[in-house]
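Knowing the structure of chain A, use the given hints to seat chain B on it.
Chains A and B, in that order, give the protein sequences.
Residue numbers for the first sequence follow our numbering, beginning at 2 and rising by one.
Residue numbers for the second sequence follow our numbering, beginning at 156 and rising by one.
Quick caveat, the hints were computed from the structure, so don't treat them as lab data.
From a predicted model like this one, the values you see are computed outputs, not experimental measurements.
Glycine residues also receive a C-beta, built at the ideal position from the N, C-alpha and C atoms.
No false leads were mixed into what you were given.
Some chain A residues well away from chain B (every beta-carbon gap over 12 Å; in silico):
#1 A9
#2 A14
#3 D18
#4 P19
#5 A31
#6 T75
#7 T80
#8 L86
#9 A87
#10 H90
#11 Q92
From the structure, some residues in chain B lie toward chain A, with a derived Cβ separation under 8 Å:
#12 R183
#13 D185
#14 E186
#15 A189
#16 E190
#17 V193
#18 A196
#19 S209
#20 L210
#21 V212
#22 T213
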Amino acid sequence: MRITVPVARVLSALVGDPEVDRYGLDLMGATGLPSGTLYPILQRLQGAGWVDARWEDIDPVVSGRPARRYYRLTAVGVTEARQALAELHAQTSPSRARSSARRRARISARPGVTGSAT
Amino acid sequence: MRTIAGFVARLLLGVARRRWPLSIRDGRVDEWRAEIHVLAAERRWWRMLGFAASLAVTRPALKPRHALTMDRRAVLTGTMLLLGPVAGLVLAYVGMFLMGLGLFGLLAFGLLLWCGGLLCAYAGANGAMMRRWAALPAVLLPCLAVVLYLPEFGVAGYRTLTRPTLLWAGLMVLLLIVVGLLPRPVSWWIGYAAAVAAAWVAVTWAVWLYAGVVRLDTSYAWLWFPASLLEIDIGPGPSGVDGSVLPGWFVVWDFTEIYPTTLLALGVYAVAYLIGVREHRGNVPEAVVSARS
Numbered sequence: 002m003r004i005t006v007p008v009a010r011v012l013s014a015l016v017g018d019p020e021v022d023r024y025g026l027d028l029m030g031a032t033g034l035p036s037g038t039l040y041p042i043l044q045r046l047q048g049a050g051w052v053d054a055r056w057e058d059i060d061p062v063v064s065g066r067p068a069r070r071y072y073r074l075t076a077v078g079v080t081e082a083r084q085a086l087a088e089l090h091a092q093t094s095p096s097r098a099r100s101s102a103r104r105r106a107r108i109s110a111r112p113g114v115t116g117s118a119t
Numbered sequence: 156m157r158t159i160a161g162f163v164a165r166l167l168l169g170v171a172r173r174r175w176p177l178s179i180r181d182g183r184v185d186e187w188r189a190e191i192h193v194l195a196a197e198r199r200w201w202r203m204l205g206f207a208a209s210l211a212v213t214r215p216a217l218k219p220r221h222a223l224t225m226d227r228r229a230v231l232t233g234t235m236l237l238l239g240p241v242a243g244l245v246l247a248y249v250g251m252f253l254m255g256l257g258l259f260g261l262l263a264f265g266l267l268l269w270c271g272g273l274l275c276a277y278a279g280a281n282g283a284m285m286r287r288w289a290a291l292p293a294v295l296l297p298c299l300a301v302v303l304y305l306p307e308f309g310v311a312g313y314r315t316l317t318r319p320t321l322l323w324a325g326l327m328v329l330l331l332i333v334v335g336l337l338p339r340p341v342s343w344w345i346g347y348a349a350a351v352a353a354a355w356v357a358v359t360w361a362v363w364l365y366a367g368v369v370r371l372d373t374s375y376a377w378l379w380f381p382a383s384l385l386e387i388d389i390g391p392g393p394s395g396v397d398g399s400v401l402p403g404w405f406v407v408w409d410f411t412e413i414y415p416t417t418l419l420a421l422g423v424y425a426v427a428y429l430i431g432v433r434e435h436r437g438n439v440p441e442a443v444v445s446a447r448s
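This is chain A alone, in the form it adopts within the complex:
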């Protein structure tokens, strides 16, 4: 999973309370991302197994609106997201500039994480 700034924002929003279901508009508000950026990210996170999606369990006729799709981090996703965000934070923290140079080498060696925010 490539951790870009938009991906980090989505992960940050989801990891804030992993037990809460989030839907598209909700995540757009939390991350400030437009829909065209958010949904592909959610699709990629789903493909990586970090995020699970389910349809809202309502009767559209009774509720007067279509069912939403909810997103939530999986157990693997919670672990990976926290680790990726921590590494990203370590890299971008000014107070840790020296140590981040050393950590960067280790991070870049990890498969699936680019270690750079683009």
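Chain B in isolation, oriented as in the chain A frame:
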């Protein structure tokens, strides 16, 4: 406002839908419609339009692209079918200019023609019309353009180009059918040689007809095609057209102008298109070919 915004949002979602893979697009659209419904209920029209527009204009980078999508192929094919004839005419004009430079110009023109044919074949090979018969519109459309365009000169003699042009189109259709049946190495040589021959026949007939109209010696007609490409001053002797004595070849040259180079360029384009499509299909796995057929 509600009706207009809803209509525009639905249109935008329709565009966005086509950007997503077939297997998941319906689910995505249901999800977006649910959000749109909420925004519409809250009368947040601009937010709703922004939501739909962002999806419509953004290409979802779900995974690296290995092949053109059907949408792009359709656009590419349509563009090439429209631009192909125009490119042929542009090449013809450029070729005439370059041939004025002598041998170097001729070589440069040949190179341009070759590159143009390859480019068109490449674009056609990636097109949506992955059928052998797709070469037919590639020939017939330029042919129709020529037939409709030339009489616009308003000169009676130019109408004599219509029948030779139709003959050329018929020959090209036969040629493309034959080329489509031939094995690969032979089809290249025979295809391009026959495209030259078809243009030669059509130009010969056109010059023969026109020379008859202006009462010139028609025995030079068959030499006009190579002479016009090589810019050799051959042809019938002096003529008294328009009350003045002019060299006969000058009169015919003025009549044919870009006709030989145009037919040659379009013929090569059509052959390259057909061969490109066929070779592309040969490189596609069987399952994909059967799915397209």
